[in-house]
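Peer 1: Each chain, letter by letter, is given below.
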Amino acid sequence: MSQKQIRWAIGVLGTLGIAAVIVLHWMVFFWVPTESTMGIVQRIFYIHVPAWWIAFLGFGLVALCSAMYLWIGDERLDRAAVAGAAAGMVFTTIGLLTGPLWGRVAWGTWWEWEPRLTSALILWFIYLGYFLVRRSTENPEQGKRFAAVVGVIGVLDIPLIHVSVTWLRSLHPQAVILNPDGLA
Amino acid sequence: MRTYIGLVWAIARKDLLVEFRTWERLTSMGAFVVLIGLLFNFSIDRSVVQPQDIAAALIWMTIIFVGMLGMGRTFQLEEQDSALTGILQSPIPLDALYLGKVLGNFVLLSVMVVLVFVVFTAFFNLRLAGNPYTLFGVVALGVLGFVSLNTLFSAMATRSSMGESLLPVLVFPFLVPVVVYGTTATDRLFAGRPFAEVVGNLRMLGAFAILFTVAGAVLFRFVVEE
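If you're matching them up, the sequences are chains A and B in order.
Residue numbers 1 to 184, in our numbering, belong to the letters of the first sequence in order.
Residue numbers 1 to 226, in our numbering, belong to the letters of the second sequence in order.
Just so you know, these hints were derived from the structure itself, not from any lab.
Computed from a predicted model, the values in this text were never measured in an experiment.
The C-beta atom is built at its ideal place from N, Cα and C for all residues, glycine as well.
Hints are supplied without guarantee of correctness; some may be wrong.
[As the list claims (entries may be wrong)] Okay, the calculated bits of chain B under chain A, using three or more residues with CB under 8 Å as the criterion:
(1) 36-46
(2) 177-184
(3) 201-215
[As the list claims (entries may be wrong)] If we take Cβ atoms under 8 Å as the criterion, some of the chain A residues that face chain B in the derived model are:
(4) 28
(5) 30
(6) 33
(7) 35
(8) 133
(9) 153
(10) 156
(11) 160
[Claimed, not checked] What follows is a list of derived Cβ distance ranges for each label pair:
(12) B/89 - A/21: 50 to 58 Å
(13) A/8 - B/5: 56 to 64 Å
(14) A/50 - B/20: 55 to 63 Å
(15) B/140 - A/74: 50 to 58 Å
(16) A/24 - B/89: 53 to 61 Å
(17) B/162 - A/100: 25 to 33 Å
(18) B/165 - A/72: 30 to 38 Å
(19) B/81 - A/76: 51 to 59 Å
(20) B/53 - A/38: 47 to 55 Å
(21) A/79 - B/165: 38 to 46 Å
(22) B/80 - A/24: 49 to 57 Å
(23) B/49 - A/73: 48 to 56 Å
If we strip away everything but chain B, and leave its shape as in the complex, we get (with noise of 0.2 Å):
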């Protein structure tokens, strides 16, 4: 059990460290945060409608955009480099290394989760009236379930002929639970709600990041072996 921890970790770190020296995917997918909250302050007429009104939508849309242009590269070095081959070949079991890269998406998204999170409180004066921890709960495992699923089809769009233009067509239809319970428990902790009104949400958000974590290791082998 230790040595699988461990194999889940190898695989983690070495994708964190390639990433926190180039700083590829982390500064795209930063600006993105930053002007897509630009770009959605100026589509927003405030005579007609709040900004906090449709907060906690903007919020999500924003994660799962950026969720989209970060994960979507998941394997590409690998790919490009055939390295994906040499790990293959390795004794490494699938599921560990798919486990890895789902540690390592979820450690990245989660660093702009934060961004996002500051960003809109900053840029569309939002208060939170709930509690945090819950909101940290409601996120990150809205934000695990999303990890799982995006990790296993990147694979596949990697690997296909479309690319990335193959991705959000298999995610989205997908996302549509994530989008649901995510979104509204947070407009609901932004509004002060208590903890009962978003047990629920919790419940459901929780059994999703399990269900397609544990489908996702499962069948990740499918999707990688030649």
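So that you can see chain A by itself, here it is in the shape it has in the complex (with noise of 0.2 Å):
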């Protein structure tokens, strides 16, 4: 593609991107029932649910790039990376800000060490640790590989860290806010 067309594209999917933006805005307040039982805090669901599955669709794109591009070493493929972390790094940081949001309501605290919100805090770290080590060496090209050596790793790491977290949680006493059951 011509530099012409790649900026016509870019035009044309970036204010069909806002512009679903304020559709999707105006359906959340406007357009979708109340929930019954969680009432007006649920409509946080539309930004926070979207937001995790782009976050991992995200961390998908980088694990398989970087492999890729340690295998073949097409420079594509590295930026193709780097767009799917940069993606997976502000859509984890959203997924972060709106869960505790609806935690605060639901649960009655910001934080919870809830399976799904601590992988997703580690995520995020490991998405800074990708970020830091690309722009930490003078070789520009050495950095690509580091970075891409942590995406490799990460995709690795994050089911193991997923049952961990999950069975340590387990052990723990759960939430009973929300719990019908309430405390005995």
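Both chains are given apart, each in its own frame, so use the hints to dock them into the complex.
Peer 2: In structure tokens:
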């Protein structure tokens, strides 16, 4: 694609994206009915849940493209991995900010060591490491390779992290705030 | 196969020989272990919490901190003297170089782990009610997983402009499984719980150790190649 075509594509996709975000927010606030048990706070789901989908999609892209980049060494794969990491970092941040807002009302606390929340926080730090290591070398090629290695190690470790924090959580007392049985 | 093991051992032996001649890392790591035990002692209000109740957590945190202190310098000697370029030009396979470094670090950190247990047992009056061999297995597998990851990332940190300050940011998020399974198993063994209650932890620590030793050996060349 020529530079002109790329600029045109960015313009069209950007405009569509902004329009979709505006329509989404209008629908969240004015169109969807209020959920019966949780009330108005449930509306945050429409931002929060897709944010996580994109965050995980982003990380999947980072892992896949990083492994392929190390294997083939094509620059485009590195650029795709960085794009995935950038989107992943932004949407992980959105997920981590909107989660506690909901949790404060639903669970009665800003932070719970809930496995998904815990794994997400760790994922955020793995993304941070990805970007830090990328920028920390004098030779940019070396930085790209370092970042790709972090991406591959990340995808190997994330399932283990999730299993471990889920297992640890099962040892702790469960939240009773929204539990229908309440305190025994 | 025999030559390969010989190469791995040659690298580990070289590192250990340098270390046991200079005592550079061992001295600072050993002093760190005793001093952190001392500080932990002063940081616990015994009218609120007993050190025995949180001993496993303190032990694992100390192992990780002392590991970070020592492993961060894994490649420093080579980097300073540009010796890494020499090693990279030698016919040794890079995975053997990595495994040799892991083995050297594993032995060094194991020495420190023994010291950690001696110091903490003495300072906090700990009594192991469970099977010592199982505890040995838990700690050995946990330390191997930790060392494998740390060795890979310390090669990155040494070659980056951020140096050792980069290492904790890179390593800590990945260490969650080691901390979770290592600490709970150690806790249970100190409390005298049966083997059946820690066998799952052993499996997970073993999986972590094998996975990251193999992954490190495969990925190491991307970290050291120019």
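Peer 1: Using Cβ atoms only, decide whether residue 35 of chain A comes closer than 8 Å to chain B, and label the hint accordingly.
Peer 2: This hint is violated: residue 35 of chain A lies away from chain B, its Cβ roughly 33 Å from the closest one there, beyond 8 Å.
Peer 1: At the C-beta level, are residue 24 of chain A and residue 89 of chain B separated by a distance inside 53 to 61 Å?
Peer 2: holds, 57 Å
Peer 1: Would you check whether residue 153 of chain A satisfies its interface hint, that is, whether its CB is within less than 8 Å of any CB in chain B?
Peer 2: With Cβ-Cβ at 6 Å, under 8 Å, it holds.
Peer 1: For the hint on residue 133 of chain A, does the least C-beta distance to chain B fall short of 8 Å?
Peer 2: holds, 6 Å
Peer 1: Honestly, do residue 162 of chain B and residue 100 of chain A meet the 25 to 33 Å range at C-beta?
Peer 2: holds, 30 Å
Peer 1: Using the nearest Cβ pair, does residue 30 of chain A come within less than 8 Å of chain B?
Peer 2: Result: violated, 40 Å to nearest chain B Cβ.
Peer 1: When you take the CB atoms of residue 79 of chain A and residue 165 of chain B, is the distance between them in 38 to 46 Å?
Peer 2: This hint is violated: roughly 28 Å between Cβ atoms.
Peer 1: Would you check whether residue 28 of chain A satisfies its interface hint, that is, whether its CB is within less than 8 Å of any CB in chain B?
Peer 2: Violated. Min distance 32 Å.
Peer 1: Indicate whether the distance between the beta carbons of residue 50 of chain A and residue 20 of chain B respects the range 55 to 63 Å.
Peer 2: holds, 57 Å
Peer 1: Given the hint of 30 to 38 Å, is the C-beta distance from residue 165 of chain B to residue 72 of chain A inside that range or not?
Peer 2: Given about 32 Å between the Cβ atoms, the range holds.
Peer 1: Under 8 Å, Cβ to Cβ, is where residue 160 of chain A needs to be relative to chain B, so tell me if that hint holds or is violated.
Peer 2: Hint on residue 160 of chain A: holds, closest Cβ of chain B at ~4 Å, below 8 Å.
Peer 1: I want to verify a distance hint. Is the separation of the beta carbons of residue 80 of chain B and residue 24 of chain A within 49 to 57 Å?
Peer 2: holds, 55 Å
Checked against the numbered hints listed earlier, the structure breaks hints 1, 4, 5, 6, 7, 15, 19, 20 and 21; every other hint is satisfied.
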